[in-house]
Amino acid sequence: MVRTRNNQGILVVYALIMGLLYVVIGLAEFILAIWNWFIDPSGNLSLPYLPSRDLFGGFSSLTIGAVYLRSLDLLKGRNESLGFTLVGALLAGAYSVVYMLIIGADGLNAYLSHISGEEFTWEWLTQGTLETGILRPEIWLGLASLPLLILTLKNLESQKSE
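The working numbering applies: residue 1 is where the sequence shown begins, and numbers increase by one.
Wrong hints could be hidden among the right ones.
[To be verified] Only pairs whose alpha carbons sit at most 20 Å apart, straight line, appear in this in silico DMTMM-like list of lysine to aspartate or glutamate:
| # | residue 1 | residue 2 |
| --- | --- | --- |
| 1 | 154 | 80 |
| 2 | 160 | 106 |
| 3 | 154 | 73 |
These are computed hints drawn from the structure, not numbers from a lab.
Could you build all of it, start to finish, from the sequences and the hints given here?
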């Protein structure tokens with residue numbers, strides 16, 4: 001029982017950190033997209049390593065962050081809040097995979113263009129369709145969510161066996 005409570009404390013802190021990171025990045029992406037789409041369409045306001053026109057990417061990051069932050073009810077002893085941590089980690093992983101697939105498609109496009117006679121460049125890794133390529137924060141946050149997913153599954157397993 002003590003081990004589960006210690007794991008839940010670690011889980012809550014990890015979920016809080018991931019939730020705050022996702023909310024900050026999602027809010028920045030969302031505001032950048034609103035600014036660049038509606039307020040100043042001719043300009044291109046940007047921040048390093050963040051796409052400047054991805055409204056729905058920002059919204060998805062805000063959603064993942066909100067789901068992670070809902071797991072704070074674990075501090076009150078509500079074990080059903082483990083579901084929020086599990087869903088947040090699964091969403092983070094899914095979006096990370098989607099962004100990696102987009103980068104892979106950009107790489108395939110660069111390779112096929114090279115076969116047809118164009119010069120091959122590695123710009124698809126850092127610029128591509130996503131504007132930031134492999135540097136997109138959601139990819140790295142999704143990978144950082146894997147330990148949280150494993151910890152949540154172990155916690156659920158230990159509760160199931162009790």
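Inset, instruction - Would you mind confirming whether the straight-line C-alpha gap from residue 154 to residue 73 stays at or under 20 Å? - result: holds, 18 Å
Inset, instruction - Given the hint that residue 160 pairs with residue 106, test it: the Cα-Cα distance must not exceed 20 Å. - result: violated, 44 Å
Legend entry - Restraint check for residue 154 with residue 80, where alpha carbons must lie at most 20 Å apart: Holds - the C-alpha atoms of residue 80 and residue 154 are around 15 Å apart, at most 20 Å.
When each numbered hint is compared with the structure, a violation occurs for hint 2 only.
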